[in-house]
Amino acid sequence: MKKETAKKESTRTGIGRYEVRLAGKGGQGMILAGRILAEAVALYDGRNAVQTQDYGPEARGGASKSEVIISDGEIYYPKVMNADLLVCMSQEASDRYYYDLKRDGLLIIDSTNVERSPTTRVVAVPITELAVKATGREITAAMVALGLICGLTKIVSEEALEKAIRSLVPKGTEELNVKAMQAGLEEAKRLLEAGLPVALPQEL
Amino acid sequence: MKKETAKKESTRTGIGRYEVRLAGKGGQGMILAGRILAEAVALYDGRNAVQTQDYGPEARGGASKSEVIISDGEIYYPKVMNADLLVCMSQEASDRYYYDLKRDGLLIIDSTNVERSPTTRVVAVPITELAVKATGREITAAMVALGLICGLTKIVSEEALEKAIRSLVPKGTEELNVKAMQAGLEEAKRLLEAGLPVALPQEL
Amino acid sequence: MQAGEESQVVEEAPPETTKPRPKRRGRVTVFDNWCKGCGLCVAFCPRKVFELGPEGHPVVAHEERCTACNWCVYHCPDFAIVVELVEGDEPARKTGQSVGGRVRR
Amino acid sequence: MQAGEESQVVEEAPPETTKPRPKRRGRVTVFDNWCKGCGLCVAFCPRKVFELGPEGHPVVAHEERCTACNWCVYHCPDFAIVVELVEGDEPARKTGQSVGGRVRR
Amino acid sequence: MRTAFLQGNEACAYGALAAGCRFFAGYPITPSTTIAETMARELPKVGGVFIQMEDEIASLAAVLGASVGGLKAMTATSGPGFSLMQEHIGYAVMAEIPCVIVDVQRLGPSTGQPTSPSQGDVMQARWGTHGDHPIIALSPTSVRECFDLTVTAFNLSEKYRTPVILLMDAVVGHMREKVILPAPEELEIIDRARPNVPPEWYFPYEETASDVPPMANFGDGFRYHITGLMHDRAGFPTQRLDEINAWLTRIFRKIDAHVDDIAITEAINVEHARTLVIAYGCTARAAKEAIYMCRRHRVGLLVLKTLWPFPKDQVLLAAHEAQRVVVPEMNMGQIALEVERLVGRSKVRRVRRADGEMITPQEIRAAIEYKE
Amino acid sequence: MRTAFLQGNEACAYGALAAGCRFFAGYPITPSTTIAETMARELPKVGGVFIQMEDEIASLAAVLGASVGGLKAMTATSGPGFSLMQEHIGYAVMAEIPCVIVDVQRLGPSTGQPTSPSQGDVMQARWGTHGDHPIIALSPTSVRECFDLTVTAFNLSEKYRTPVILLMDAVVGHMREKVILPAPEELEIIDRARPNVPPEWYFPYEETASDVPPMANFGDGFRYHITGLMHDRAGFPTQRLDEINAWLTRIFRKIDAHVDDIAITEAINVEHARTLVIAYGCTARAAKEAIYMCRRHRVGLLVLKTLWPFPKDQVLLAAHEAQRVVVPEMNMGQIALEVERLVGRSKVRRVRRADGEMITPQEIRAAIEYKE
Amino acid sequence: MATQRQLIYDYLRHKKKFPNIWCAGCGIGIVMGAIIRAVDELGYDKNQVAMISGIGCSGRMPVYLDFYTMHTTHGRALSFATGLKLARPELKIIVVMGDGDALAIGGNHFIHTARRNIDLTAIVINNATYGMTGGQYSPTTPQHMLATTAPYGNIEQDFPICELAQVCGAAFVARSTVYHVEELQGYIEQGLEKKGFALIEAVSYCHTTYGRLNRLGSAVDMMRALKENSVTRQTAEKLPPEELQGKIVRGIFVDREVPEYTQLYQKIIERAQSGGKA
Amino acid sequence: MATQRQLIYDYLRHKKKFPNIWCAGCGIGIVMGAIIRAVDELGYDKNQVAMISGIGCSGRMPVYLDFYTMHTTHGRALSFATGLKLARPELKIIVVMGDGDALAIGGNHFIHTARRNIDLTAIVINNATYGMTGGQYSPTTPQHMLATTAPYGNIEQDFPICELAQVCGAAFVARSTVYHVEELQGYIEQGLEKKGFALIEAVSYCHTTYGRLNRLGSAVDMMRALKENSVTRQTAEKLPPEELQGKIVRGIFVDREVPEYTQLYQKIIERAQSGGKA
Ligand SMILES: Cc1ncc(C[n+]2csc(CCOP(=O)(O)OP(=O)(O)O)c2C)c(N)n1
Ligand SMILES: Cc1ncc(C[n+]2csc(CCOP(=O)(O)OP(=O)(O)O)c2C)c(N)n1
Ligand code: SF4
Ligand code: SF4
Ligand code: SF4
Ligand code: SF4
Ligand code: SF4
Ligand code: SF4
Ligand SMILES: [Mg+2]
Ligand SMILES: [Mg+2]
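So the protein lines, in turn, are chains A, B, C, D, E, F, G and H. Take the first sequence: its letters are residues 52 to 255, numbered as in the numbering used here. Take the second sequence: its letters are residues 52 to 255, numbered as in the numbering used here. Take the third sequence: its letters are residues 427 to 531, numbered as in the numbering used here. Take the fourth sequence: its letters are residues 427 to 531, numbered as in the numbering used here. Take the fifth sequence: its letters are residues 3 to 374, numbered as in the numbering used here. Take the sixth sequence: its letters are residues 3 to 374, numbered as in the numbering used here. Take the seventh sequence: its letters are residues 77 to 354, numbered as in the numbering used here. Take the eighth sequence: its letters are residues 77 to 354, numbered as in the numbering used here.
For reference, chain A alone in the conformation it holds in the complex (with noise of 0.2 Å):
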């Protein structure tokens, strides 16, 4: 189906349009997980990202999402319309933005905090207790899905993603940081090699 969006939209554009939703709790990081996955694809794949934000009242607290749109065309509607891939750090976002992916999307949760998953076609990696043996922090969590991502889709380099990661977390923490994305990138790995319960995208 990803390729039929493609056709569809690339009428439009010649080139499609990929939609991902990073979804957790205020502080687990997916508002910059976000951003790195936005600027990695955009400043330094050469395509075009668009990236908006949710969070709970004023700015702290609560729940909090992250979207990015990926296309080499121009991006138009800046929100998830369905996802294409959609990260799950947290149970309520787990059970609450599941709707909206697609019906072949890839869906990815955090196992270690989602007890419950919506579906069975479902990437569940415990990816903040991979964070925490990677690097011994939670808060790294963000970048173990980032990594993730690209090994899962490739919808981003790995190149790019380490450059952004590296422009955009608090200096002295790069390769902390840097150390967890891999751990990410590894997961995937034997994740693909393992098989995976759903098509992912071939090209975007």
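Rather than coming from a laboratory, the hints here were simulated on the basis of the structure. Don't be surprised by glycine CBs; every beta carbon is placed ideally from N, CA and C. Please note: incorrect hints may appear among the correct ones.
Facing chain E, from chain B, some residues (calculated, C-beta under 8 Å) [what the hints assert, rightly or not]: (1) K76; (2) A93; (3) D96; (4) D105; (5) Y106; (6) G124; (7) Y149; (8) L227; (9) V229; (10) Q233.
Position chains B, C, D, E, F, G and H with the ligands against the provided structure of chain A, taking the given hints into account.
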């Protein structure tokens, strides 16, 4: 012409509309005078009256005028369209407001303050001078003017005017102000006996 | 001002007219078109140079007493008084002398 | 919190475990569902009753030391600690004992 | 019944007292100040409270606080102060707190001409605060109406739990007229609905049949929460779309579904009128004078006493046969915009004036008689 | 030219700097705060001044003071702060002081939902301050447009000596997009006209051919007077009707006569469109997506970048053959009111949403395809 | 005194609103605890207590408390409270504000409410920053410190909150910190009992915005700083000025009898009703 | 010093705007005289001086003076002036306000501008009432006095303007009266020369509103009261508190060196431009 107006108006309310404008400088008491006239007519003579006012910036200073519309019927437009009676206590007022006096309207000027009269068809009375003579206070000139109006036009009864003055001037100054009014009344009598330059309204 | 308001220009103690003619002397001019007749100068001039005129404006009644102390100049809220230092022993002008029709002395 | 932020829970000086069992004793309960793991109680309990649990939440590790001073109760910003006075010489409960699955001790 | 010769501002204050207003907080500003001054003198006589606050923002805040405490409350101001009150008007809408805000319009923008009348704040009354919201605004044409519409303003405000704006102008506010004031028993006074459930069952923002949930006063045992955030039926902040939409829909519906109850107009000779004049406030008096001047032209007049919600049906009905609709206003054309939407731009002829002078009957007459 | 991945708010700040803005005064408020934060960091680098004031009222006052001193100046806020700025917007209009006021719209009324986007302040931008006045308001649809329209806002403000409001929304403000920023030399920057007469001959509010009198800065030797009162051509207070009317006429004319210059729109497939969508701000992006979804329906789109003065001619032209005009807005229908006035109420179909969520292309598509 | 369990049960809207929205370790919750213990200690009926707040992190407090609660607009809580107090003089009204809320946008209402000496208990939770909007400088941010809007360091003097309230005419003025929470509770009790305007400055911290930006460490570190950098008035009076630099002085600054506003107004009502001079 | 004639010619917009709009005897004109003499005495170029005012009778002053003049909105003059000063640090800016303007609606800007210690010379003409709108009570109306909105007597405490400015951080604070106009002029000169925020309270009177209502007599009477009811700080210090009751204390209350805002900001600019920490 007063009759004419009355006839025209009577098609509407059965009874005429009489428009008065009292104009002077801030501090000359024109607004209080208008209020007294209107209240006398409305509360004690049983007619309808509407009183409006204009003054300079914010609450003080500059030119100031007060308008009273008197009628036995309903009063719609609350402002002077063509004055039946215009009292001018300053040169500026006289220069400025003369233009919308009715062709056969009555113009009273305070010759103490107005040097150049816009017309010869005018009742020129040294109102302020009379006031100072009668009470020693310039500020009572407004009451002299009211007395004059009462005596010359009969649009308000003496009794009503006196009652209104007593109820509206600052406590303790009642006698002083009534005295000034009486000076005006007397001057009116004198003038009427001497014969006036313009026709006065014969009925209301 | 409303009708009946009392205009309370309070008189100060009588001027010390007996004092000798001052060393430092002023020529006092009141600009009538700016003066509002508040009476401050009349009441406070330490030498009682002013008197209240018939229309409520101050009249320079005793210029000869003026010491050019500038009280009136500094306190006239309407910039209606000018006091010039008199050089030498030029005589004081007569009371009420009019200058150009708009200035009252 | 942004990625890479350091969570600096500073350890206080070692608890005085050698002190005799306190006269006034408390039974300490931490409500895990309200606790946000800020570490204030862990750091400031004068008797070092708490230890940091694996998920960043405090664990009542040494209830026997608790003097029911209420520091933790008054300073927990999340109303997640209750300390009850222990009557008589009822023994302290064991570390980490779970009450109803949602409360961690 | 009491015959008096009153200023519009005084009549407004007496109207407020008659409506049961027991709290006034304000900040002086020409030409509204005599309302405050009258309230300062009269309120304590009936056990009410007057307070002069440090500015208009605090004034409306205090009014809202007092209303939450159970007093009918009012403030009065003019353009510059009305601009400053905008944030709290939105708060009153959001928290559904009854109150009356009087704006005695003077010539703007900015300081403008403080002693000159105007009708320049009509659209501001509708749109002055940020975010979408419904509003009620009334506009009196006479001293007696200053009294009556103040009573109505309180009634509507209590009935619909909403701020009501009384748009006076410096003419009616400062004009003195003979008025016969109604006796207390002649007046219909509406008080906000109180909860008739025990406190535990009380939801201050519940959906009810009337769309207006009962309001408990602070101090009466109903301990609930009030906020300017989007909230659920209990008054607690919410981010749930269903709850936000429920609130939004209800808040509009409670006004829109009752336009008939709220919209007050006076129609004169409108049946078969070929020319319809639509006017409000002091300008309506000039318009009345004008239509009597040109009787033979089949001229009707619709006087709007309610400006918001806009009396759409009344206007459509009155304009039914009209070829031309004349809208005189002491502004550059504000209500005319609404009229244009309803009857079409081509029919509308504006008579506008925004220099601080009243529009004269002659000017309106000229527009009525004008041949295109 | 510089490729960057920026937030709309940042792009707005960079646009301001590119336009020559050298003064920013503001008070933090979600979702506008990053504009202030960017300015706080960047302004001193170019010798400009950033100051955080005690509130929004003081912020706009300081901006106006700085502008009078000759600096291009800006403030940024959101709904509650925008409400508080209303009095000073009127002052800026009255005194003809150039400045740019950014309102990053969030869900209202009142505190509403601070982190949710909205387009609820559109009418407030037009009518929020008391008294009659014209206003210019622009609304960007993308990060790049946040940059561009900020430059335009400064240009219009300097050209017409008037406050210009930039109505952003929380979507474009917080959205990050890849943008290619123009090099300084690619930009047309307009500075206010300075007097070219000696100080004695200077009249700050003179009638000129352009209707925009040159403006001298305080400090440059032209000692003139500025007031919020109605004033004459020298800037001194006046009560003369001829002078008031001259001012009023000119102030409206300087905007109205130049709508062509001010009104920026983008028309897509509007020729022969049977259905016309009119949209602005972030909603225009959904609308674009929607019209491409239903190409075969002869659907056109008119994107309004200028909201005020309303681009009347462009709308009339685009709607010429349209049977239906769809107006999607993140409010209860504000621009729709203007469209209704122009094209008739019956043709207009609103798509409205005021719960803090963006309108989706699907919702617009449904309105386009809806069969009555 | 009631047990903590009972306090939670009695005073918190515990079923709906917890856990609270504040960051882990934020001192605002500690002030909230002090307030409920003060109210409990004084034996007030809940139906007698109202809490009004402005906007900010501290402004979120009322939602959690089972009083009459009102979360108003930014900076104006004291004005809302003034209206409520005049309508309901019998209520005990606690006004909770942040430093920005009370002293930036709300500064005018702060000084005027103090001047009127109306019977309100105002608590300013001073974290020296705008927490809610992410760490901009506030009127109590010390000079030279960083803030998101002061990336080169703050150049403004900070307000001495207590002195300000004192000069304006408040009847009771005191300062403590969230570390000294029992002292704080005591001041709140005294403020509540005082007939007149009582101002209590509760010094707190915001580790997630201001603290992070200025590298002041975690909540634990900032809490420790409160302990270490504060002295009582008594001690302060003995310290040389250099040593007092940067110290938080705790204590009661004002406790005086000043005629209270609603009581004075009551006399006006009595006078007016007995036909006194109008 | 220039003669009065020359002062009028040099500093007043004498051709157009006189006579002024103030009531006969109003003290505002006297303050205006002190200002022009101060400017003249200091030898400032008129092209170097701006005057900003708010709304009120005192707010009308700028129209008469041949400086850069700006009559802003009610209460906000100091904020406008802050913007102008930052844009044009070289200007000498005089801000003229009434007591209502400066301290009622403008109170917040007053305290914050003092706190920032920005180089402005603020003159509050304190007539203890809202003159322009006709005699309502203001934040400086003494208790028990009558006002049109206090028909039963004012029940609010009044602000001590000078103490307020002092607590907030002003660099120069002084008070005099329109009777002591030469002293006043001296303070204005000192204020203008001070680098930092200077506050001068000029005690005046409003005989037509407040004076009349409280039966305080004419301008002459009220002027005399200023003379008789005021003492210098030096004298005041020696008087027992009872005798000080109701007295106006004249003198300089603060004259200190505090870093000035525009100068501090200039350092930020230098730091930013040399690539300093952002
Ligand atoms: C009129 C208005 N301006 C600005 C804001 C944005 N705002 C919300 S909270 C806040 C400041 C919070 O600081 P403080 O009062 O110190 O409370 P804290 O969050 O630190 O407890 C600001 C500026 C607003 N809500 N309303
Ligand atoms: C926002 C706003 N509110 C109120 C007013 C009305 N107003 C004009 S001057 C004034 C008070 C004047 O008092 P003060 O500042 O003491 O000056 P004074 O006239 O006594 O010199 C008021 C309330 C206004 N112009 N703008
Ligand atoms: S002080 Fe000035 S205004 Fe007053 S009376 Fe003397 S000259 Fe006239
Ligand atoms: S200068 Fe002094 S002495 Fe001379 S007239 Fe004036 S006040 Fe009197
Ligand atoms: S103080 Fe409270 S919230 Fe913090 S760790 Fe301890 S129990 Fe948890
Ligand atoms: S009550 Fe005191 S001793 Fe016991 S756990 Fe709490 S802080 Fe420690
Ligand atoms: S942002 Fe700061 S003040 Fe707000 S809850 Fe977090 S720590 Fe507390
Ligand atoms: S009203 Fe009072 S302050 Fe105003 S000009 Fe008159 S005397 Fe002066
Ligand atoms: Mg704070
Ligand atoms: Mg005053």
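Status of the hints after comparison with the structure:
1. K76: The hint is violated - K76 of chain B has no Cβ within 8 Å of chain E, the shortest such distance being about 15 Å.
2. A93: Since chain E brings a Cβ to about 4 Å from A93 of chain B, closer than 8 Å, the hint holds.
3. D96: violated, 11 Å
4. D105: Where the cut-off is 8 Å and the nearest Cβ of chain E is about 7 Å from D105 of chain B, the hint holds.
5. Y106: holds, 5 Å
6. G124: violated, 11 Å
7. Y149: violated, 18 Å
8. L227: violated, 23 Å
9. V229: Since the shortest Cβ distance to chain E is 19 Å, the answer is violated.
10. Q233: This hint is violated: Q233 of chain B lies away from chain E, its Cβ roughly 23 Å from the closest one there, beyond 8 Å.
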